[in-house]
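A.B. asks: With the hints as constraints, model all of the structure from the sequences given.
Chains A and B, in that order, are what the protein sequence lines are.
For the first sequence, this note's numbering assigns the number 347 to the last residue and increments by one with no breaks.
For the second sequence, this note's numbering assigns the number 796 to the last residue and increments by one with no breaks.
These are computed hints drawn from the structure, not numbers from a lab.
Do not rely on the hints blindly, as some may be mistaken.
Claimed, not checked - Label pairs and their calculated CB-CB ranges:
(1) A:174 - B:438: 40 to 50 Å
(2) A:51 - B:437: 23 to 33 Å
(3) A:285 - B:364: 58 to 68 Å
(4) A:140 - B:364: 29 to 39 Å
(5) A:303 - B:781: 41 to 51 Å
(6) A:76 - B:488: 54 to 64 Å
(7) A:140 - B:724: 51 to 61 Å
(8) A:187 - B:365: 31 to 41 Å
(9) A:265 - B:532: 51 to 61 Å
(10) B:719 - A:221: 31 to 41 Å
(11) B:727 - A:51: 22 to 32 Å
(12) A:51 - B:364: 51 to 61 Å
(13) A:187 - B:732: 19 to 29 Å
Ideal Cβ placement from N, Cα and C applies to all residues, glycine included.
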Amino acid sequence: MSDVRTAVGPKGILRQGWSASVGDYAIAGGWVLRGKALVVGDSAGGVCAFDGTSGASTWAQPETHDGGLLAMAIHPGGAAFATAGQDGRVLIRDVAEGRVTQAIDVGDGWVEHMAWSPDGRWLAASCSRRVHAYGADGREAWRSGDHPSTVSAIAWSGAGELATACYGRVTFFDASTGERRQKLEWKGSLVSMALSPDGDVVACGSQDNSVHFWRRSTEEDSMMSGYTGKPSALTFDHTGTLLATGGGEDVTVWSFQGDGPEGTRPGVLELHVEPVTTLAFARRGMRLASAARDNAVVVWSLQKDGTGGPIGAAILGDMGTKLCWRPDGHALAALDARGGVTVWRTG
Amino acid sequence: MMNTPQKVPVSILTGFLGSGKTTLLNRILSEEHGKRIAVIENEYGEVGIDQALVINADEEIFEMSNGCICCTVRGDLIRVLGNLMKRRDKFDYVLVETTGLADPGPVAQTFFMDDEIRAEFSLDGIVTLVDAAHIEQQLGRSDESTEQIAFADVLVLNKTDLVNDEAIDRLEARLREMNRMARVVRSEKANVPVDTVLNLGAFDLDQVLERRPTFLEPEYPFEWTGVYALDSGRYELSLAEGPDPAMSLVVVSDQSPDDAALRESAEWCVRRYAEPAEPIQPGETIPVGKHVNLQLDSPGRKSFFLEVEAPVQVGLYAQHTAEEFDLQLMNAEGAAIGPEAERTWVAQHEHDDEVGSIAIERDGDVDPDRLNAWLGTLLRERGVDIFRMKGFISLAGESRRFVFQGVHMLFDGQPELQWGDRPRRNQLVFIGRNLDEDSMRQGFEACLM
Chain A
1 MSDVRTAVGP KGILRQGWSA SVGDYAIAGG WVLRGKALVV GDSAGGVCAF
51 DGTSGASTWA QPETHDGGLL AMAIHPGGAA FATAGQDGRV LIRDVAEGRV
101 TQAIDVGDGW VEHMAWSPDG RWLAASCSRR VHAYGADGRE AWRSGDHPST
151 VSAIAWSGAG ELATACYGRV TFFDASTGER RQKLEWKGSL VSMALSPDGD
201 VVACGSQDNS VHFWRRSTEE DSMMSGYTGK PSALTFDHTG TLLATGGGED
251 VTVWSFQGDG PEGTRPGVLE LHVEPVTTLA FARRGMRLAS AARDNAVVVW
301 SLQKDGTGGP IGAAILGDMG TKLCWRPDGH ALAALDARGG VTVWRTG
Chain B
348 MMNTPQKVPV SILTGFLGSG KTTLLNRILS EEHGKRIAVI ENEYGEVGID
398 QALVINADEE IFEMSNGCIC CTVRGDLIRV LGNLMKRRDK FDYVLVETTG
448 LADPGPVAQT FFMDDEIRAE FSLDGIVTLV DAAHIEQQLG RSDESTEQIA
498 FADVLVLNKT DLVNDEAIDR LEARLREMNR MARVVRSEKA NVPVDTVLNL
548 GAFDLDQVLE RRPTFLEPEY PFEWTGVYAL DSGRYELSLA EGPDPAMSLV
598 VVSDQSPDDA ALRESAEWCV RRYAEPAEPI QPGETIPVGK HVNLQLDSPG
648 RKSFFLEVEA PVQVGLYAQH TAEEFDLQLM NAEGAAIGPE AERTWVAQHE
698 HDDEVGSIAI ERDGDVDPDR LNAWLGTLLR ERGVDIFRMK GFISLAGESR
748 RFVFQGVHML FDGQPELQWG DRPRRNQLVF IGRNLDEDSM RQGFEACLM
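C.D. replies: Structural data, given as structure tokens:
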């Protein structure tokens with residue numbers, strides 16, 4: 001059977017690393033300790049840590065959020081992280097043992113989105129129609145008023161500003177005061193959001209199978225349509241040149257070089273046979289990883305105009321739910337819907 | 348490797364505040380059915396939580412920039428169901444309890460419009476609870492209650508103990524007129540068997556037909572037919588005062604009294620009835636084979652006449668039953684003649700409600716291109732007013748039955764069971780507002796091979 005194993009093994013730049021599993025649907029995760037360990041949360045509320053090189057389990061905390069875990073955010077310093085769940089709580093933990101150092105009661109609703117500010121000073125968490133900002137000590141700095149609908153995405157624009165997306169609106173808040181700085185409106189249900197690294201471009205996937213984006217400096221906006229599904233996965237590369245989007249079986253890559261992407265043709269990466277579920281750019285180089293409902297993971301090498309081709313691929317035991325490049329770019333972790341955790345070394 | 352997991356069925360409970368949704372929900376949850384049920388509640392109520400996960404979520408209606416009402420979805424359901432599917436193995440069933448004023452359209456559309464929800468869940472059915480004592484007032488006042496009735500797969504007529512039987516019968520008839528697709532169940536304190544509201548397989552039209560085989564029985568513009576054997580001579584048709592100042596009639600010559608012949612003539616009479624009626628005053632002679640309108644507004648009994656040249660059986664296709672006007676046929680000697688045969692027809696109701704159902708049933712195969720063009724135009728032009736549709740179609744060149752369902756402009760269909768030896772035919776049901784039945788029928792008929 002050895003040839004069968006070869007047939008389904010990783011291809012191209014993806015080389016066998018290690019694999020492990022968690023208790024339920026692996027919903028969130030990330031590299032900690034500069035890539036020395038990987039923490040993974042599952043939908044039942046369990047949190048596990050694995051040694052980055054061997055995959056050995058270093059600690060596991062079962063069912064830490066009543067009802068299930070929904071989000072995880074790794075502190076930029078890499079020594080702490082936070083989890084949030086259906087119980088309306090945020091738990092800040094240390095990486096070494098997963099011990100809870102701060103427990104925060106956010107609200108009665110689900111805490112679905114969470115993000116640390118790039119300087120590590122603030123933790124933002126959304127619960128129902130509000131977003132809250134906490135200091136590293138767990139004390140609440142401010143909370144927003146009610147948004148028009150449940151907050152669907154949050155992101156930091158540099159260290160000083162937090163963005164939220166919801167039905168019909170993107171809002172920017174001052175990080176330390178919570179004062180509203182800018183409101184961008186468009187009638188549509190925004191399901192995902194990505195900010196360019198310089199903070200000027202806000203891109204949102206919309207329920208009506210389009211990507212809407214604004215340039216904050218000019219408040220000009222554009223809509224990219226033609227998707228076959230809703231673009232719930234979208235991400236900028238670290239230079240802000242490329243915006244990769246899901247929304248169907250193809251990965252569509254818009255290039256912001258020159259006057260683009262308005263009036264340009266996007267790069268279309270065709271290989272998946274089911275809708276794309278998640279996307280991640282490596283920190284360096286123009287490498288993009290994509291996962292889809294077809295259980296495949298593909299690594300693409302891209303040009304600055306958004307075109308590109310596959311340079312590696314592998315098959316998971318179920319649909320990929322999250323992809324995490326190790327900070328040095330030499331390993332890629334994939335989480336899947338069956339609780340699988342797979343790490344490949346990359347050339 | 349790419350297995351298609353069983354979709355999780357979802358039932359929607361709608362109904363005005365006070366109609367008994369929470370009582371029904373508690374009843375379902377307390378029953379021993381061995382199912383793990385997740386409940387999404389938009390209305391905060393007292394729900395037993397022993398056996399179920401209850402998630403409270405505010406109703407969030409998301410419209411799209413294109414302004415199309417069919418693209419309007421329920422963001423709260425997408426969010427909550429999207430998360431429930433990540434623990435799919437834990438749930439066998441999902442129940443959504445909407446607020447009393449909820450528009451069922453976006454709820455149903457969510458299961459068509461959102462690709463991720465569509466991949467994991469199937470809309471099993473919409474159950475609408477009706478407060479028998481108050482629904483008539485509500486129907487007059489709010490579009491929501493009308494639409495909740497129009498969208499239902501099951502109508503639970505609740506609190507029947509508070510209303511007399513006659514009023515219940517009248518109410519049921521009215522609701523059926525609005526939604527002929529739904530099963531109607533009566534209850535006092537929402538005490539209906541759980542299997543009437545769960546696992547409906549609501550889109551299986553066969554089940555609907557099995558429950559009520561007369562569901563697609565055509566309606567006629569006349570209620571009664573009497574067949575009389577007459578010798579040559581002059582006959583008097585005598586009518587007493589009745590409910591209306593006039594009555595339409597078609598007299599058919601050579602009418603044989605068997606049912607097949609009656610049905611055949613009935614179809615012919617439908618076309619006559621579609622023609623303008625000739626008013627006939629008392630004392631005048633009724634022409635044979637023509638749509639006439641007997642003028643009955645003068646007081647007392649009125650007489651009209653029939654001239655028969657040779658012995659014949661005639662069929663009288665009357666707008667109302669013989670009893671209503673005490674209709675009698677007498678020979679020249681004044682002796683009453685009894686009919687050889689009588690038959691009543693399902694009368695076309697007067698559509699007081701704007702919302703109604705149209706059922707089309709035809710034998711034979713349909714040309715797929717013509718069907719596509721017809722449905723495309725129909726849904727584009729009238730989709731806003733079509734709340735729901737379902738049915739099956741015999742597509743030419745397809746060995747399987749094509750089954751479809753839809754909400755507003757959204758249409759979903761696929762070939763299902765093999766036709767095998769069964770006769771190939773088409774059945775379509777539309778529920779909507781102010782639908783033009785004749786043009787829809789003609790439109791479909793033009794698609795037949």
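A.B. asks: Each hint needs a verdict: does it hold in this structure or not?
C.D. replies: Evaluation of the provided hints:
no.: 1; hint: A:174 - B:438: 40 to 50 Å; result: 42 Å, holds
no.: 2; hint: A:51 - B:437: 23 to 33 Å; result: 30 Å, holds
no.: 3; hint: A:285 - B:364: 58 to 68 Å; result: 59 Å, holds
no.: 4; hint: A:140 - B:364: 29 to 39 Å; result: 36 Å, holds
no.: 5; hint: A:303 - B:781: 41 to 51 Å; result: 56 Å, violated
no.: 6; hint: A:76 - B:488: 54 to 64 Å; result: 57 Å, holds
no.: 7; hint: A:140 - B:724: 51 to 61 Å; result: 57 Å, holds
no.: 8; hint: A:187 - B:365: 31 to 41 Å; result: 34 Å, holds
no.: 9; hint: A:265 - B:532: 51 to 61 Å; result: 57 Å, holds
no.: 10; hint: B:719 - A:221: 31 to 41 Å; result: 36 Å, holds
no.: 11; hint: B:727 - A:51: 22 to 32 Å; result: 59 Å, violated
no.: 12; hint: A:51 - B:364: 51 to 61 Å; result: 57 Å, holds
no.: 13; hint: A:187 - B:732: 19 to 29 Å; result: 23 Å, holds
In this structure, the earlier hints numbered 5 and 11 are contradicted, and the remaining ones agree with it.
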